[in-house]
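Engineer: Spelled out, the chains give:
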Amino acid sequence: MYIGKVTGKVVCTVKNELLQGMSMVLVELLGSGESTKKGLLVAVDTIGCGEGNIVIVAGGGAARLIGGCQNAPIDLAVIGIVDHQIQQI
Amino acid sequence: MYIGKVTGKVVCTVKNELLQGMSMVLVELLGSGESTKKGLLVAVDTIGCGEGNIVIVAGGGAARLIGGCQNAPIDLAVIGIVDHQIQQI
Amino acid sequence: MYIGKVTGKVVCTVKNELLQGMSMVLVELLGSGESTKKGLLVAVDTIGCGEGNIVIVAGGGAARLIGGCQNAPIDLAVIGIVDHQIQQI
Amino acid sequence: MYIGKVTGKVVCTVKNELLQGMSMVLVELLGSGESTKKGLLVAVDTIGCGEGNIVIVAGGGAARLIGGCQNAPIDLAVIGIVDHQIQQI
Amino acid sequence: MYIGKVTGKVVCTVKNELLQGMSMVLVELLGSGESTKKGLLVAVDTIGCGEGNIVIVAGGGAARLIGGCQNAPIDLAVIGIVDHQIQQI
Numbered sequence: 001m002y003i004g005k006v007t008g009k010v011v012c013t014v015k016n017e018l019l020q021g022m023s024m025v026l027v028e029l030l031g032s033g034e035s036t037k038k039g040l041l042v043a044v045d046t047i048g049c050g051e052g053n054i055v056i057v058a059g060g061g062a063a064r065l066i067g068g069c070q071n072a073p074i075d076l077a078v079i080g081i082v083d084h085q086i087q088q089i
Numbered sequence: 101m102y103i104g105k106v107t108g109k110v111v112c113t114v115k116n117e118l119l120q121g122m123s124m125v126l127v128e129l130l131g132s133g134e135s136t137k138k139g140l141l142v143a144v145d146t147i148g149c150g151e152g153n154i155v156i157v158a159g160g161g162a163a164r165l166i167g168g169c170q171n172a173p174i175d176l177a178v179i180g181i182v183d184h185q186i187q188q189i
Numbered sequence: 201m202y203i204g205k206v207t208g209k210v211v212c213t214v215k216n217e218l219l220q221g222m223s224m225v226l227v228e229l230l231g232s233g234e235s236t237k238k239g240l241l242v243a244v245d246t247i248g249c250g251e252g253n254i255v256i257v258a259g260g261g262a263a264r265l266i267g268g269c270q271n272a273p274i275d276l277a278v279i280g281i282v283d284h285q286i287q288q289i
Numbered sequence: 301m302y303i304g305k306v307t308g309k310v311v312c313t314v315k316n317e318l319l320q321g322m323s324m325v326l327v328e329l330l331g332s333g334e335s336t337k338k339g340l341l342v343a344v345d346t347i348g349c350g351e352g353n354i355v356i357v358a359g360g361g362a363a364r365l366i367g368g369c370q371n372a373p374i375d376l377a378v379i380g381i382v383d384h385q386i387q388q389i
Numbered sequence: 401m402y403i404g405k406v407t408g409k410v411v412c413t414v415k416n417e418l419l420q421g422m423s424m425v426l427v428e429l430l431g432s433g434e435s436t437k438k439g440l441l442v443a444v445d446t447i448g449c450g451e452g453n454i455v456i457v458a459g460g461g462a463a464r465l466i467g468g469c470q471n472a473p474i475d476l477a478v479i480g481i482v483d484h485q486i487q488q489i
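Residue numbers (our numbering), protein chains in the order written: chain R, 1 to 89; chain H, 101 to 189; chain Z, 201 to 289; chain L, 301 to 389; chain S, 401 to 489.
Using 30 Å as the maximum straight-line C-alpha spacing, the simulated DSS-like pairs for lysine-lysine come out as follows:
| hint | chain 1 | residue 1 | chain 2 | residue 2 |
| --- | --- | --- | --- | --- |
| 1 | H | Lys-105 | Z | Lys-205 |
| 2 | H | Lys-109 | Z | Lys-205 |
| 3 | S | Lys-405 | Z | Lys-205 |
| 4 | L | Lys-309 | R | Lys-5 |
| 5 | L | Lys-305 | S | Lys-409 |
| 6 | Z | Lys-209 | S | Lys-405 |
| 7 | S | Lys-409 | Z | Lys-209 |
| 8 | S | Lys-409 | L | Lys-309 |
| 9 | S | Lys-405 | L | Lys-305 |
| 10 | Z | Lys-209 | H | Lys-109 |
| 11 | R | Lys-9 | L | Lys-309 |
| 12 | H | Lys-105 | R | Lys-9 |
| 13 | H | Lys-105 | R | Lys-5 |
| 14 | L | Lys-305 | R | Lys-5 |
| 15 | H | Lys-109 | R | Lys-9 |
If you are wondering where the hints come from, they were derived from the structure by calculation, not from laboratory data. Keep in mind it's a predicted model, so treat the numbers as computed, not measured.
Modelling step: build the complete structure from the supplied sequences, incorporating the hints.
Structural biologist: Below, the structure is given as C-alpha cells:
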C-alpha cells in the first residue's frame, strides 16, 4: 500500500454503470517530489476521507475487497486514514 | 486509477480474436511531464470517449470488469469521462 | 496496454515446462527515451509478430487470456500488431 | 518481491473493518536512492518484524496469501526477515 | 516478463511458513542503468539457476503458476534461463 494525501474529488457524469454512487477522490502520493510525477491517482473512498487527509491506498484486486465493490472496474481504494501523529513523516 | 487524456485511436488488423469489435484508444497520463515517459498507453473504451477527453482509466483485472470483456486479454480500460470543471487540474 | 516494438526473439533451453513451444519476443516500449530504461521486456506471441513490428502488449492476468496459456507462468503477451498508419506516433 | 527496511509503524483509527488487528509497517525499498522516491510503502506484517529489520515484501494478490488475510483489502505484506549476513548488500 | 541477472541468494530464517524450502535469488534487471534503481528484486527459483545466469522472471499471479507454489505469498519467479547467444543484448 502507499501513503498519500487526498487533494480533491473527481466527478464523472459519463461513467461505467458499476461506478454509480461511488465516491472517488484524487490522491497525491507522499514521500518524494518524484511521486507527484506518476500521474494523477484516483481512489474509491468508502470510509469518508476528506481533502487534506493522509490516507493509505491499496491497489489492484485489493481495491475490490473494501466491501460493496467486488465486481466494479476499480483498481485503487482508500483503506485507512493515518492518525495525526504519523502525518509528519 | 489514473487520469489521462485521450489522444487518438489504435487500429490493429492482426490481433487476438477476443479483441474483435473493441474500441481501443491511446491515453496520455496527466499530472506531470514525467508521465508521458511511461510509454504509450492503450485502453479499451466502452463508454464512448473521444479525442481530447479527460478520462479515468483502471488497470489490471479491473479492466475486465467493465462489461463484455471478462475473458479478453486486456489490462486497461476507460471507466469514466471527467466532468469539465475538474479538467483544469 | 502498452505499445512497443519487437526487437528480437528470446530462446531458453532451460525453462519452466509450461513454456514449452511458446514463442517469446523482446519488446521495447515506445513513447519516450525513458521507456527503454525499464529493463528488457519479454512477451509471449501467439499472433505471429516479427522483428520491427509495432505491437500492443497486455500484462498481468490478461497475458494468460490470449488462448492456450491459462496456467502458464507468463505476465506479458502480444495481443495485436498496430496498423501501418499509426506507427509514426 | 522487493527487499526493504522497516522504518516504523502506521496507525489508523479510521480504517476498513477488515484491517482490524493487523500490524502495518512502513517499508523503504533498498537498492538505490531512487527507490525512496516511489512514495511511502505500507506492508502488513504477520511475522513480527521490527524497526530496522531488512525484509522481503510481496505485492499484489501474494500479500493476501500470508494467512488470515485472504479477503482483506491489502496489496503488500512482509514475508521474511533477511538474515544478517546478507544485509550489507 | 523481464530479463535480469542472478546476483546471489537470499536467506531468511524468519519467514512465512509457506516459503519453507523455496530457493530465493536476487535478480538485477538488465537493459539500463536505470533498472538497478528499482530496488532489490527477489525471485523464487525452481529451475536451478545460478549466480551470473541471465534469466527471465515473471511477476504477479504468474509467479504462483511455476508449480508447487500456488498458494505461496510470492510475486516473482524465474521461469527460464536465457541461452548464451542472446546474453550479449
